[in-house]
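Chemist: Okay, here's what each chain looks like letter by letter:
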Amino acid sequence: MALRVLAAMSGGVDSAVAAARAAEAGHEVTGVHMALSSNPKSYRTGARGCCTLEDSRDARRAADVIGIPFYVWDLAERFDRDVVQDFVAEYAAGRTPNPCLRCNEKIKFAALLEKGRALGFDVVCTGHYARLTDGELWRGIDAGKDQSYVLAVCTKEQLAHAMFPLGDTSKADIRLEAERRGLQVADKPDSHDVCFIADGDTQGFLASRLGSAPGRIVDADGNLLGEHEGAYGYTVGQRKGLRLGHPAADGKPRYVLDISPVTNTVTVGPREALDVTEIIAERPVWLAQPVADCQVQLRAHGEVYDCTASLEGDAVRIALHTPARGVARGQAAVLYDGDRVIGSATIAVADRVTA
Amino acid sequence: MTYLDHAATTPMLPEAVEAMAAELSRVGNPSSLHAPGRRARRVVEESREIIAEAFHARPSEVIFTGGGTEADNLAVKGLFWARRDADPRRNRILASAIEHHAVLDAVHWLADHEGARVELIEVDELGRVHPETLEQMIGDDVALTTVMWANNEVGTVQPVAALAALARAHGVPFHSDAVQAAGQLDVGGTAFDALTISGHKIGGPLGVGVLLLARGVDPVPVLHGGGQERDVRSGTLDTPAIAGMAVAVQLDVARRAESTARLTRLRDELIGRVLAAVPDAILNGDPVDRLPGNAHFSFPGCEGDALLMLLDARGIACSTGSACSAGVSQPSHVLLAMGADAQRARGSLRFTLGHTSTSADVDALAEAIGPVVERARRAGFS
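Listed in order, the protein sequences are those of chains A and B.
In terms of my numbering, the first sequence opens at residue 1 and continues consecutively.
In terms of my numbering, the second sequence opens at residue 1 and continues consecutively.
Hint data in this document are derived by calculation from the structure and do not stem from the laboratory.
Computed from a predicted model, the values in this text were never measured in an experiment.
Hints may be right or wrong, so weigh each one.
As the list claims (entries may be wrong) - So the derived label-pair ranges between C-beta atoms look like this:
hint: 1; chain 1: A; residue 1: T202; chain 2: B; residue 2: E132; range: 22 to 32 Å
hint: 2; chain 1: B; residue 1: T358; chain 2: A; residue 2: T202; range: 51 to 61 Å
hint: 3; chain 1: A; residue 1: T202; chain 2: B; residue 2: E269; range: 21 to 31 Å
hint: 4; chain 1: B; residue 1: D363; chain 2: A; residue 2: R209; range: 46 to 56 Å
hint: 5; chain 1: B; residue 1: E46; chain 2: A; residue 2: A118; range: 51 to 61 Å
Said to hold, decoys possible - If the Cβ cut is set under 8 Å, some of the chain A residues that face chain B in the computed set are:
hint: 6; residue: G67
hint: 7; residue: Y71
hint: 8; residue: W73
hint: 9; residue: K115
To be verified - Beyond 10 Å from chain A on every Cβ pair, some chain B residues (computed):
hint: 10; residue: Y3
hint: 11; residue: R26
hint: 12; residue: T133
hint: 13; residue: Q250
hint: 14; residue: D305
The beta-carbon is built from N, C-alpha and C at its ideal position, and this holds for glycine as well.
Produce the entire structure from the sequences given, and follow the hints as far as they go.
Modeler: See below:
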């Protein structure tokens with residue numbers, strides 16, 4: 001059945017090929033570039049950032065080549081509120097957010113989808129590497145590019161109005177296909193990192209938003225080891241940039257174990273102390289019937305662990321069969337049954353192995 | 001397709017295409033001294049005479065440019081520099097708040113880079129500049145006054161003759177951007193120091209324009225080079241485009257009485273039927289003193305971009321009329337200056353008629369606008 005498809009076009013190769021495939025499949029496709037910055041830069045400088053005028057032009061050119069209508073929609077206000085401010089607030093609360101996931105949850109499959117549906121579109125089509133089969137979300141077949149992790153936060157209702165035409169193909173083949181289709185963006189570099197921090201300096205960005213908040217760096221026993229300029233500048237598992245005056249007694253490197261926004265304290269310790277065997281994750285979104293024995297992924301493109309998941313009130317208790325290292329609060333724990341997504345929840349507690 | 005965006009660009013008149021195409025295949029630089037050059041020169045000068053007559057000017061007062069934006073820049077910057085150089089006390093610029101960006105951004109550039117003190121002349125809720133407002137602002141420290149003949153978004157026609165007379169009484173050069181008015185109204189005359197006209201808005205080709213520049217008014221050049229046009233504008237004259245523009249101008253004048261009446265009738269029908277389909281739509285601009293081809297509405301609760309897309313999908317081409325910054329539409333400075341709030345400004349559409357418009361175009365819009373507004377209203381503001 002021909003659908004009225006709203007193709008989100010970032011100006012990159014993936015979303016361009018996704019739109020082309022949707023159009024070729026006989027759907028009535030309209031391309032939309034989301035302007036997410038109210039003050040866009042003129043040119044793209046490398047792999048970071050997006051939403052430059054150049055990206056907008058690239059998206060327009062791709063739409064021209066595909067032969068579909070194209071518009072720019074201004075979603076900068078929603079993006080700032082739901083993604084950028086959320087990003088800052090999460091760091092301020094001692095958590096480590098994933099803004100791509102938030103963008104899918106709140107912008108692409110919420111703000112954009114709602115506006116599109118109100119205007120008569122059936123689905124939002126994106127260049128994500130994931131598969132939708134009978135309403136279930138599956139990993140894309142290109143394991144290196146799979147993006148099911150950042151989509152798993154979407155509800156069944158959201159995914160019922162999503163279209164991911166690239167999940168059955170590898171990135172390398174998508175580039176070849178883009179070239180074959182005459183899309184100029186075929187060899188455009190992949191974007192990564194946080195798109196709204198164009199220079200890649202997350203610490204600088206957070207410092208400019210949150211200001212300086214000096215506090216203590218301590219070990220697990222509470223001994224003062226150093227000072228920091230803001231606990232939000234640290235991520236669990238971080239080793240570099242701690243700038244501790246003297247080495248640990250055993251001479252081994254130290255890692256961030258915990259961040260407490262209440263006391264503005266960063267706790268560091270040896271690598272082993274990062275090992276986690278049990279996770280409590282909140283606000284689960286289920287895309288399939290929960291399965292007790294399953295696998296869990298704890299960050300984008302991160303390792304996959306066998307686990308046993310159980311419901312505990314509104315939360316999920318995830319017992320890892322092998323310890324995971326450096327699990328950050330605020331990241332998503334996505335449960336898989338093989339390549340099929342079962343559900344997603346936000347990591348609230350990560351219990352360390354007690355020696 | 002229903003084309004209701006003639007203010008953006010209007011189809012070339014077939015006669016203009018023919019004249020231009022004929023020149024495209026001939027050789028000759030109008031500045032060359034040999035026979036082919038003289039032949040081209042003759043085409044340019046005959047075109048100049050036609051255009052001068054149409055705008056009640058002398059041939060020597062017609063300066064060919066590469067379009068309306070260039071003519072506006074030459075007038076605004078060149079006249080400011082020349083007047084200030086002659087009298088250094090004069091460094092104020094008075095520009096209406098609803099100017100096209102080709103004027104507005106040029107005067108702001110002069111403020112940022114040349115020490116100009118720019119003051120915007122307020123307009124009323126219909127987009128009219130009142131001569132009394134200008135009278136209160138003008139003085140012997142003003143280097144330039146610029147007010148458009150008719151507004152490109154809401155179509156309001158300005159009392160330019162009265163404004164020009166005021167400026168003249170104070171020894172202030174007066175420029176008017178007549179890009180939208182030319183072709184629809186009788187513009188020109190001796191009261192103006194400088195007047196901008198664009199080829200492609202009046203049935204001529206793209207990439208050519210005219211600055212009507214009164215004798216004795218010598219702006220400082222913006223483009224330097226061969227000095228082809230009265231030493232004020234340099235660049236090889238574009239014989240084919242100039243020939244095409246002259247034919248369009250000539251036909252516009254010959255057909256004006258009839259076309260004005262026809263467009264006014266069509267426009268009023270369009271306004272009536274849109275308001276009938278969407279009773280709470282607001283007609284922006286002066287309901288009486290407006291361009292014959294312009295209808296501009298705000299649709300409460302709708303986003304202009306959404307309306308445009310939905311109409312586009314039904315084969316109806318129009319404009320949100322607002323400036324496009326970074327592909328993201330900003331609330332129109334014209335509507336804001338008229339006292340509209342940002343949401344009303346964002347929910348606006350401009351429909352402009354031209355020589356190819358028919359009542360079938362109005363029918364198509366009248367049929368589509370109700371459901372389209374209803375749908376856009378459901379989508380609201382993102």
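Chemist: Going through the earlier hints one by one, which of them does the structure break, listed in rising order?
Modeler: 1, 3, 6 and 14
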